[in-house]
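There are 2 protein chains.
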Amino acid sequence: MSLSLYDITVPVFIRAFANLSAILEKGRAFADENKIPHSELLEARLYPDMAPLTGQIQRASDSSKFVAVRVGQIDNVPMADTEASFDELQARIAATVALLKSIPADAMDGREEATVVLKAGGTERTFTARDYVLAFAIPNFFFHITTAYDILRHKGVPLGKLDYLGRS
Amino acid sequence: MSLSLYDITVPVFIRAFANLSAILEKGRAFADENKIPHSELLEARLYPDMAPLTGQIQRASDSSKFVAVRVGQIDNVPMADTEASFDELQARIAATVALLKSIPADAMDGREEATVVLKAGGTERTFTARDYVLAFAIPNFFFHITTAYDILRHKGVPLGKLDYLGRS
Numbered sequence: 005m006s007l008s009l010y011d012i013t014v015p016v017f018i019r020a021f022a023n024l025s026a027i028l029e030k031g032r033a034f035a036d037e038n039k040i041p042h043s044e045l046l047e048a049r050l051y052p053d054m055a056p057l058t059g060q061i062q063r064a065s066d067s068s069k070f071v072a073v074r075v076g077q078i079d080n081v082p083m084a085d086t087e088a089s090f091d092e093l094q095a096r097i098a099a100t101v102a103l104l105k106s107i108p109a110d111a112m113d114g115r116e117e118a119t120v121v122l123k124a125g126g127t128e129r130t131f132t133a134r135d136y137v138l139a140f141a142i143p144n145f146f147f148h149i150t151t152a153y154d155i156l157r158h159k160g161v162p163l164g165k166l167d168y169l170g171r172s
Numbered sequence: 005m006s007l008s009l010y011d012i013t014v015p016v017f018i019r020a021f022a023n024l025s026a027i028l029e030k031g032r033a034f035a036d037e038n039k040i041p042h043s044e045l046l047e048a049r050l051y052p053d054m055a056p057l058t059g060q061i062q063r064a065s066d067s068s069k070f071v072a073v074r075v076g077q078i079d080n081v082p083m084a085d086t087e088a089s090f091d092e093l094q095a096r097i098a099a100t101v102a103l104l105k106s107i108p109a110d111a112m113d114g115r116e117e118a119t120v121v122l123k124a125g126g127t128e129r130t131f132t133a134r135d136y137v138l139a140f141a142i143p144n145f146f147f148h149i150t151t152a153y154d155i156l157r158h159k160g161v162p163l164g165k166l167d168y169l170g171r172s
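As given, the protein sequences belong to chains A and B, one line each in that order.
As numbered in our numbering, residues 5 to 172 make up the first sequence, in order.
As numbered in our numbering, residues 5 to 172 make up the second sequence, in order.
Mixed in with the good hints there might be a few duds.
Partner residues are not named here, just some residues of chain A that face chain B (Cβ under 8 Å, in silico) [said to hold, decoys possible]:
| # | residue |
| --- | --- |
| 1 | S6 |
| 2 | R19 |
| 3 | T86 |
| 4 | F140 |
| 5 | F147 |
| 6 | G170 |
Pairs of lysine-lysine, BS3-like flavour, derived with a Cα cap of 30 Å [what the hints assert, rightly or not]:
| # | chain 1 | residue 1 | chain 2 | residue 2 |
| --- | --- | --- | --- | --- |
| 7 | A | K165 | B | K123 |
| 8 | A | K159 | B | K159 |
| 9 | B | K165 | A | K159 |
| 10 | A | K105 | A | K39 |
| 11 | B | K105 | A | K159 |
| 12 | B | K30 | A | K123 |
| 13 | A | K165 | B | K39 |
| 14 | B | K165 | A | K39 |
| 15 | B | K123 | A | K39 |
| 16 | B | K123 | A | K30 |
The set of hints was computed from the structure by calculation and includes no laboratory data.
Every residue gets a Cβ at the ideal spot worked out from N, C-alpha and C, and that includes glycine.
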């Protein structure tokens, strides 16, 4: 009766992507109803040097893929970050979910103390897989899902907390 | 080498509150340097019907406390949601962290299948403790931490992802 690294990541990410997909559909519908160009939402950001909506989806995808690769030891499937429409963002989500679903539930078993090295900006940071998941990957993943929601809320899309959390 | 409900919640929440506390200090310093009234940041929100910065901190506190109460079976410590200054928000965070630190690491052992009932808006929702933590409490907690960060970024406070994730 305990939890594995898989339990606390892959199904959690798949669920959040289902919610995110529905949130994006509400964004698209809002734009169409109000005759707002889709690009106005897709390129919206909360501050000039923050990533726009498209970037938040791409980074949520990457955060979850990196867990699959670094902890689940599956091969990365590179994704080009060229999405520029709601359809393309939905396809990115679908491809990410397909990759997550391809991970066997036991692929992360016994990997809690495996070494994960992150390289960014010329520096390296070394984690155990367990710390990487709990202190980095999960918070980072929800950062991007939440910021996508926050951008759409900021632009007036009618969303509520249950759109983010899911209704069942 | 597996994870408990405690492992994936209490230390994760304590870490996020330490990061949040430092983020709020940067917000206060930014306001002082730029002669912006503190209330302009404390009452800032991303959309008129979203909670302001103060509310995001209060809800992050509650999300973590509810895990302590509903899963860790400790007595709730009611907090009045009256915080209206940076000092009061820091005190709220400190009180929440003190409560989290009071939970014995084994208080959630064997509670994975315990029933958690959420009542909101006249409806009830029943979870296992495990599903409540993974599908509700953790995503909800990071929603409010992220939205607090997003509000301050939106107001121009110079923050980066490492302020949110922590630097070590």
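Okay, the hints, checked on the actual structure:
{"no.": "1", "hint": "S6", "in the structure": "holds (4 Å)"}
{"no.": "2", "hint": "R19", "in the structure": "holds (6 Å)"}
{"no.": "3", "hint": "T86", "in the structure": "violated (22 Å)"}
{"no.": "4", "hint": "F140", "in the structure": "holds (6 Å)"}
{"no.": "5", "hint": "F147", "in the structure": "holds (5 Å)"}
{"no.": "6", "hint": "G170", "in the structure": "holds (7 Å)"}
{"no.": "7", "hint": "A:K165 to B:K123", "in the structure": "holds (15 Å)"}
{"no.": "8", "hint": "A:K159 to B:K159", "in the structure": "holds (16 Å)"}
{"no.": "9", "hint": "B:K165 to A:K159", "in the structure": "holds (23 Å)"}
{"no.": "10", "hint": "A:K105 to A:K39", "in the structure": "violated (37 Å)"}
{"no.": "11", "hint": "B:K105 to A:K159", "in the structure": "violated (39 Å)"}
{"no.": "12", "hint": "B:K30 to A:K123", "in the structure": "holds (26 Å)"}
{"no.": "13", "hint": "A:K165 to B:K39", "in the structure": "violated (34 Å)"}
{"no.": "14", "hint": "B:K165 to A:K39", "in the structure": "violated (34 Å)"}
{"no.": "15", "hint": "B:K123 to A:K39", "in the structure": "violated (38 Å)"}
{"no.": "16", "hint": "B:K123 to A:K30", "in the structure": "holds (26 Å)"}
When the structure is compared with the earlier hints, violations turn up for hints 3, 10, 11, 13, 14 and 15 and for no others.
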